[in-house]
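Just so you know, the sequences run in chain order A and B.
Residue numbers for the first sequence follow our numbering, beginning at 145 and rising by one.
Residue numbers for the second sequence follow our numbering, beginning at 1048 and rising by one.
Worth flagging that the hints you see were computed from the coordinates, not collected in a lab.
Among these hints, one or two may not hold up.
Claimed, not checked - Under 7 Å between C-beta atoms, here's a sample of chain B residues computed to sit facing chain A: (1) Pro1061; (2) Thr1062; (3) Asn1127; (4) Ile1196; (5) Arg1317.
Claimed, not checked - In silico DMTMM-like pairs for lysine to aspartate or glutamate, Cα to Cα no more than 20 Å straight-line: (6) A/Lys566 to A/Glu548; (7) A/Lys342 to B/Glu1085; (8) A/Lys310 to A/Glu398; (9) B/Lys1139 to A/Asp339; (10) A/Lys364 to B/Asp1215; (11) B/Lys1206 to A/Glu398; (12) A/Lys592 to A/Asp611; (13) A/Lys566 to B/Asp1215; (14) A/Lys441 to A/Asp230; (15) A/Lys342 to B/Glu1135; (16) A/Lys503 to A/Glu464; (17) B/Lys1139 to A/Glu356.
Claimed, not checked - So the derived label-pair ranges between C-beta atoms look like this: (18) A/Asp247 to B/Phe1053: 48 to 54 Å; (19) A/Asp602 to B/Asn1112: 49 to 55 Å; (20) B/Ala1138 to A/Asp301: 30 to 36 Å; (21) B/Pro1285 to A/Asn287: 49 to 55 Å; (22) A/Gly427 to B/Ile1179: 23 to 29 Å; (23) B/Ile1179 to A/Thr527: 37 to 43 Å; (24) A/Met489 to B/Val1065: 57 to 63 Å; (25) A/Val536 to B/Phe1053: 55 to 61 Å; (26) A/Pro515 to B/Pro1285: 53 to 59 Å; (27) A/Lys619 to B/Asn1115: 40 to 46 Å.
Computed from a predicted structure; not experimentally measured.
For each residue, glycine too, the CB sits at the ideal point set by N, CA and C.
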Amino acid sequence: MMLKSFLKATVFAVGVSMASGAMLTPSLADMIYNRGMAAEPESLDPHKTSTVYEAHVLRDLFQGLVMQDEKANLIPGAAESWTVSDDGTVYTFKLRSNGVWSDGSPVTAEDFVYAFQRLEDPATAAEYASMLYPVVNAEEVNNGKAKPEEMGVKAIDANTFQVTLKAPTPYFLEMLTHQAAYPVSKASMDKLGADWVKPGKLVSNGAYTLAEWVPNDHIKLAKNPKFWDADTVKVDVVNYIMTEDRSSAMKRFEAGEMDSYDDLPTEQLADLKAKFGDQIRVGPYLGTYYFAIKTDKEPWNNPELRNAISMAIDRDFIAEKVWQNSMLPGYSLVPPGIEGYTPAMETFSDDSQIDREDKAKEILAKLGYGPDKPLKMEIRYNTSENHKNTAVAIQEQLKPLGIEVSMLNTDTKTHYSFLQQKGDYDVARAGWIADYKDPETFLGIARKASGNNYSNYDSKPFEEAMDKAAAAGGKPEERMKDLAAAERILMDDVGVIPILYYSYHNIVSPKLHGFDDNVMDVHPSRFISKD
Amino acid sequence: MLLYVFRRLLTAIPTLFVIVTLAFFLIRVAPGGPFNQERGLSPVIQANLEAQFGLNDPLWRQYLNYLNNLLHGSFGPSYNMPDFTVGELFAKGLPISIQIGTSALILALLLGSTLGVIAALNQNRKTDYGVIALATAGSTIPTFVIAPIIQLVFGLSWKLLPIGGWGDGALINKVGPVLTLALPQIAIVARLMRGSMIESLRSHHIRTARALGLSEWSVVVKHAVRGAILPIVSYAGPTAAALLTGSIIVETIFAIPGVGRYFVEAALNRDYTLVMGTVVMIAVFTILFNLIVDVLYAFVDPRVRYD
């Protein structure tokens, strides 16, 4: 009796406190794509974003001058055509006459002038301001030395937008596919102020509009009927569903709560492949996992020693055992997959691991290191089970060479602030993901002036080769050869120690069509359909 | 009584002030800042970002600005999610955490104390051992194990519950998180209740009540339970503060958009304003619930008076 009434009260009380809010009831006719994502976008203001998670959502909301298709190839976006001057410095874009914002107003050249100036305006504090640094005066505007009006952007008429570059930049169009180069509606920003980016208010010019954003839950995009190519857009509603826990995400996928998810719990990769078959998609992605090694610090300033260390690292083992083949063994800073470019591999990449180990031992013996005089090396890495296991594997692999590896783990912010402030370290874990499809994005981080040059690499021949490539801007083939020559120098110097190439890892339902694998892991929802 | 509550609220102000001050300077001691990430920013861009958020001011000025904003009810913008202010993030997330937390708390208190009373009444019999076994299991299995099991069994195998997500607040989406959050608490409350109930049943006033020939129902519910409930009340205060401010594990595994994850995430991201907001939120909840417990004591225990 007592128990019963207590239980009743419990059920009632819990029920009352839980019952609020209503079920989401979509109409059956709509095609809804539930798109799982591993992290939350930071911002939906194209000029304030930096991560791939924002890139996915913004690619659906906005149209830059040029865009990427389902295979990450460059296609016309808000611009229907363009011409490049003979010297490669003036780009003239013809905007679509039927291009409109979601509020019905036309997308004009003035919108692009405003957007490009806003990206560089110091007050915007755009993290990706550097994406337009090739434009005349862009960098000067960004560091406060020039006014936004002095930038090399111009509206010739309502539908003609002209950009003038400092020097020929063959990858400029690729850079323009980045979300930092998307336009924003000045009219709506003037009217709404900081609120312009809120769901229901955000004016966009892409295939979708922003309907809802519940942080850490979902972002709902609705098809934009005013989009110039709306007839070809099949999915009516895209729900980006943020689920950080990879294992939960697999269960949500299995239960049909998601049609795709953009990450995998890689430690379960073998089991997942057995269970889901070809719904698991793993393939090369434009990213490199490398170790920075202080090239200006004793004893690491000896290229021979750096080479011996690099040689002794068994990348096959690390890729297979630590990363369950979710990463590929890497031997160059620029990963394979960029059309027209052949990465310059480390010279030993074809040798067997045993030969490499022997050679490395010889070098260390020659340099006087051995059991009696061990070499001490510290690896710094940011918190992650896989980073730790990678470092542990390398510790084991370097032991036979008489190298005593110690490890230091810090959280991500501490790690990168230490690296960026040029702290005192031997070897540090780092990674680089392509912002655009060009070797420059990778090789640039080894340049002396780069803030990402964690190895403090400083080589005159390398700088010269990079400058030569830049000068060959107008001739793509020659430029690619020059870049490869620069990478050759970097690899021979062991300016960085490449360990692995990144892979994309998606799980995709067979019901989805148009979710094509590509090295940029770019999947615009406008090309996707669902059974 | 009112005077007592008023006095307690007044003393909360310096407490909060000390907490805010300590937290403000402690998070700044951590190396790195909100804008250090894998892709290093150029000094110019970094400076632009810091200027935008006033991070280039001297620390004492930032501190005074923060206090000033706080007194005007503003927690400031989130550095990592600049589309939202910290206030907006709480406005969206806190009601969700409170719903899940309150449900779990009610479930834990009612079910836990019922089980505890039943165990105490059947001391050293099979029922008692059963409850103790359940309670031990419940409090030793961590939530990060319980949650995936609930997902697997109720979600994937029986298809009764969704695996995760908030579903715009649908009842069915809350079952898993509430159960996961409540189970260990049910276990703890049951054990606490059993212990104090056994003690209470042996006390003089219960013997007197029995001697006076009161009915068993009256003896147990009106007299024994009332005396035994005190430890539960003291336990419930801090527990309520913890449950209502969200759980990072439950919210992450079930993909629930509450505020529980912000404490850890914000600290790792060096999202200073969000860290501070979370600290203030947890401090306020803790102070408030401790006060509620003390007030409740006066009602439950006739020996306690605040006049």
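Here is how each hint holds up against the structure:
1. Interface hint status for proline 1061 of chain B: violated, as the beta-carbon distance to the closest one in chain A is roughly 32 Å, over 7 Å.
2. Against a cut-off of 7 Å between C-beta atoms, the interface hint on threonine 1062 of chain B is violated, since the closest Cβ of chain A lies about 29 Å away.
3. Nearest Cβ of chain A to the Cβ of asparagine 1127 of chain B: about 6 Å, under the 7 Å cut. The hint holds.
4. The closest approach between the C-beta of isoleucine 1196 of chain B and any C-beta of chain A is roughly 11 Å, which is over the 7 Å cut-off, so the hint fails.
5. About 5 Å separates the beta-carbon of arginine 1317 of chain B from the nearest beta-carbon of chain A, less than 7 Å, and the hint is met.
6. Using a Cα cut-off of 20 Å, the hinted pair lysine 566 of chain A and glutamate 548 of chain A is violated, with the two alpha carbons roughly 23 Å apart.
7. About 28 Å separates the Cα atoms of lysine 342 of chain A and glutamate 1085 of chain B, which puts this hinted pair outside 20 Å; it is violated.
8. The straight-line distance between the Cα atoms of lysine 310 of chain A and glutamate 398 of chain A is roughly 51 Å, outside the 20 Å bound, and the hint therefore fails.
9. At most 20 Å may separate the alpha-carbon atoms for a hinted pair to count; lysine 1139 of chain B and aspartate 339 of chain A meet this at roughly 16 Å.
10. Note on lysine 364 of chain A and aspartate 1215 of chain B: the hinted pairing holds, with a Cα-Cα distance of about 12 Å set against a maximum of 20 Å.
11. Under the criterion of a C-alpha separation no larger than 20 Å, the hint pairing lysine 1206 of chain B with glutamate 398 of chain A is consistent with the structure, at around 11 Å.
12. Between lysine 592 of chain A and aspartate 611 of chain A the alpha-carbon distance is near 12 Å, which keeps this suggested pair within the 20 Å criterion.
13. A distance of roughly 47 Å separates the Cα atoms of lysine 566 of chain A and aspartate 1215 of chain B; the hinted pair therefore is violated under the 20 Å criterion.
14. Only pairs whose Cα atoms come within 20 Å are accepted, and lysine 441 of chain A paired with aspartate 230 of chain A is rejected, the gap being roughly 46 Å.
15. The straight-line distance between the Cα atoms of lysine 342 of chain A and glutamate 1135 of chain B is roughly 12 Å, inside the 20 Å bound, and the hint therefore holds.
16. For a cut-off of 20 Å, the pair hint linking lysine 503 of chain A to glutamate 464 of chain A is broken: about 23 Å separates their Cα positions.
17. Between lysine 1139 of chain B and glutamate 356 of chain A the alpha-carbon distance is near 12 Å, which keeps this suggested pair within the 20 Å criterion.
18. Under the hint 48 to 54 Å, the C-beta atoms of aspartate 247 of chain A and phenylalanine 1053 of chain B, about 53 Å apart, fit the expected range.
19. With their beta carbons about 41 Å apart, aspartate 602 of chain A and asparagine 1112 of chain B fall outside the hinted range of 49 to 55 Å.
20. For alanine 1138 of chain B and aspartate 301 of chain A, the hinted distance range of 30 to 36 Å is not satisfied, since their beta carbons lie about 45 Å from each other.
21. At roughly 51 Å, the beta carbons of proline 1285 of chain B and asparagine 287 of chain A sit within the given window of 49 to 55 Å.
22. Remark: the range hint 23 to 29 Å for glycine 427 of chain A to isoleucine 1179 of chain B is contradicted by a beta-carbon distance near 54 Å.
23. Taking the beta carbon of each, isoleucine 1179 of chain B and threonine 527 of chain A are about 39 Å apart, inside 37 to 43 Å as hinted.
24. At about 59 Å, the CB distance of methionine 489 of chain A to valine 1065 of chain B agrees with the hint of 57 to 63 Å.
25. For valine 536 of chain A and phenylalanine 1053 of chain B, the hinted distance range of 55 to 61 Å is satisfied, since their beta carbons lie about 59 Å from each other.
26. Range check, proline 515 of chain A to proline 1285 of chain B: about 57 Å between beta-carbon atoms, so the 53 to 59 Å window is met.
27. For lysine 619 of chain A and asparagine 1115 of chain B, the hinted distance range of 40 to 46 Å is not satisfied, since their beta carbons lie about 59 Å from each other.
Checked against the numbered hints above, the structure breaks hints 1, 2, 4, 6, 7, 8, 13, 14, 16, 19, 20, 22, 27 and satisfies the rest.
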